[in-house]
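The lines below spell out each chain.
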Amino acid sequence: MRLLLIEDEPRLVELLAAALGRAGFVIDSVGTCADGREALSLMPYDAAILDLGLPDGDGLALLAETRSSGNCVPILILTARDGVEDRVGGLDSGADDYLVKPFATEELIARVKALLRRPGGALGTVLQAGNVTFDTVGRDVKVDRKSITPPRREIAILEHLMRRVGRVVPKALLEEKLYGMGDELESNAIPVHIHHLRRKLLEAGASAEIHTVRGVGYLLCENKS
Amino acid sequence: MRWLAGLSLEFQLAVRLAALYVVATLIGVAALVYQAYQTADSLGDLDLRRRAVDLAALVTLGDDAKPQFSLSSKLAGVYESSADIFLFAIRDPNGQLIAASNSDVRNLVSSWPVASDEPNYFRLEEFGRTEQNYHGLTMRVDSGAGTLSITIARAANVSEFVHTILREFVFDVAWTIPLIVFATLAIGILAIRRGLQPLREISAQAAAINPASLTVRLRQENLPAEIGPLVEAMNHALDRLEKGFSVQRQFTANAAHELRTPLAVVSAGLDQLQGNGELAKLKLDVARMSRLVEQLLRVARLDAIALDVSATVDLAAVAAEVVEYMAPLAVARGVSLAAQGVDHAVFIKGSRYGIEDAIRNLVENGLSHTRAGTEVVVAVDEEAFVSVADRGGGVRVEDRDRIFERFWRARGAGGGGAGLGLAIVKEIMKAHHGSVCVEDNLGGGAVFILQFPKADAFQGSVADDRVKLKR
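Chains X and S, in that order, are what the protein sequence lines are.
Be aware that the first sequence starts at 2, since it is given in this note's numbering, and climbs by one per residue.
Be aware that the second sequence starts at 74, since it is given in this note's numbering, and climbs by one per residue.
Keep in mind that the hints were calculated from the coordinates and are not lab data.
Mixed in with the good hints there might be a few duds.
30 Å max Cα-Cα, derived DSS-like pairs, lysine-lysine [unchecked claim]:
id, chain 1, residue 1, chain 2, residue 2
1, X, K114, S, K356
2, S, K527, S, K422
3, S, K527, X, K172
Just the calculated beta-carbon pair ranges, DEER-fashion [stated by the list, open to error]:
id, chain 1, residue 1, chain 2, residue 2, range
4, X, R200, S, G517, 29 to 39 Å
5, S, S276, X, L174, 51 to 61 Å
6, X, R200, S, A384, 39 to 49 Å
7, X, L186, S, Q278, 50 to 60 Å
8, X, C73, S, G350, 39 to 49 Å
9, S, H309, X, L174, 49 to 59 Å
10, S, G492, X, K147, 48 to 58 Å
11, X, R146, S, L357, 29 to 39 Å
Heads up, the beta-carbon is just placed ideally off N, CA and C, and yes, glycines get one too.
In isolation and in its complexed conformation, chain X is listed as follows:
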């Protein structure tokens, strides 16, 4: 798994390269827009981490340029700017995700992995949260290496939750994804599915849990304790 890190602060490069290296990635790092442009055009990276404030230009320009040249490498933006315009601007220019400095290294690694797991991403098809794994091709759910077989819709819900481990999946999005336009949708359909799924995970001894964020949606995260 090869990542390009475009960042001009040498200490940060050093530390991130070490941490990402320990997580199993191979890191190439460059410190300027020009070098970044060249590296992206020469090597088929699996993902890139891009700092916005670079000495010879704005990372956003490099991002827009990369996208317009047809390069679809997943790009995560690191930024010290947190204005809403900056965030929206970054996503509009074709970034796949962003992190505002300062951030936890763990968070960065998790986000990079999430990028790689996206459809077409490099990290294969197996999603993981705690001891729960999900093979998106075989649609096979395992808890502690033992398969469990929830019904189709519960599996679909679990897939969405596992694609965004540690982040909220809005209930509206689940409804939209699970039910077609013509389907009759009971108001408590999703909560009922979640309830069943939660019980099955618990019975199988899963170390990840589905939390309800009432009024908004659900999130799956690994149990800390």
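Following the hints, position chain S against chain X.
For chain S alone, kept in the frame of chain X given last:
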């Protein structure tokens, strides 16, 4: 006139104008009175000369060819009744006395030379029986009895004539002067008011300028020449101010970058270390420092840049997004986070970023105070308010205003807060012309309420067609 300094220009001008009018009037009246006295004096002299001629006409040559004097019955009455007022003596060219009003005069003039070509004026001090002062003259008059030297004097203190003139002047003319003064003063003040009107308009324009409308400039057309340069200077000052604000904005953005990158380095460095409890504490310290830097930057940004509150914002969508964003933190802390009333759009005028920031600060506050296992509820109401309720210790009544002050922290409050979060919320609500307050949550805890001004025009028309754009 230093005491006038703080008063309105209009008042100052009116006072000065009034003072000017009073002084001018006094000088005018004094000049008139002086002129009246002058005129009276010359009229008095003329009167004496006429009397001398009248007296001369009464001298005739008698049978003995000597000049004789006899008062006509009418004049005799006049001179007798005013014997002490008018004195006269009539002499022939040789100094021989023909007639005199009394013996004192006769004795006086006996030593005087006879009249020459020019009238000879004189004053008598404390003269005669009544010891009065007299003005008089000696002049040569030709009459039927030859050339005569006539001396005539009038008591000085009886200037009845002059007094009459002055009285008439004062009563007939002078009383109109104050009226004229008042009338001109009133016209003057009206003119001042009219003249100052452009100044008042400029003040109103200037009063409307705030950090959010720094591009506004004062109107420079149709201004009096005195105010024009001031307004121009003011506009130049605004140019510089606007530039200053943009520098400040730039500085804030730079400061954010400069502070965050080293913090990211420290944080990443700590993440590399394996270690004991001390390391966990250090990580907490760095997290706290990051948060403080974050909040200081937000305060700086709020101070430097007025929020643009003109956009249309859906409170429900913003609240839902904040809850979504904060939920992992809630789970990590072993508490729940919930949203209510976010299914229907509630549109208001405001800054999306500001509102997001305000709600997030309240949620952070709620999450850090609510007891383990309880729920923090963010509720959006159609009446354009957002409440954030927790199940913590609540806020004491006496602290309910102070918690919104910068760097204020409840006594005994440990932990991460810098005491800026609620101050930021207050600033944001002020920019939105709204308010924030804290009340008791029914069943324990505190509930913070953000009240926004309603934007009725949007209500209903777009509700329920909200397109949720979630990634």
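Hints versus structure:
Proposed proximity of X:K114 and S:K356 is supported: the alpha carbons are some 23 Å apart, at most 30 Å. Note on S:K527 and S:K422: the hinted pairing holds, with a Cα-Cα distance of about 8 Å set against a maximum of 30 Å. Under the criterion of a C-alpha separation no larger than 30 Å, the hint pairing S:K527 with X:K172 is consistent with the structure, at around 28 Å. Here the CB-CB span from X:R200 to S:G517 is close to 31 Å, well matched to the stated 29 to 39 Å.
Between S:S276 and X:L174 the CB atoms are about 55 Å apart, so this pair conforms to the stated range of 51 to 61 Å. For the pair X:R200 and S:A384, the supplied restraint of 39 to 49 Å holds, since their beta-carbon distance comes to about 45 Å. Distance hint for X:L186 and S:Q278: a CB-CB separation of about 57 Å, consistent with the stated range 50 to 60 Å. A beta carbon spacing of about 45 Å between X:C73 and S:G350 agrees with the range 39 to 49 Å that was offered as a hint.
A beta carbon spacing of about 54 Å between S:H309 and X:L174 agrees with the range 49 to 59 Å that was offered as a hint. At roughly 51 Å, the beta-carbon separation of S:G492 and X:K147 lies within the given 48 to 58 Å, and the hint holds. Against the hinted window of 29 to 39 Å, the Cβ-Cβ separation of X:R146 and S:L357 comes to about 36 Å, which satisfies the hint.
The structure meets every hint from the earlier list without exception.
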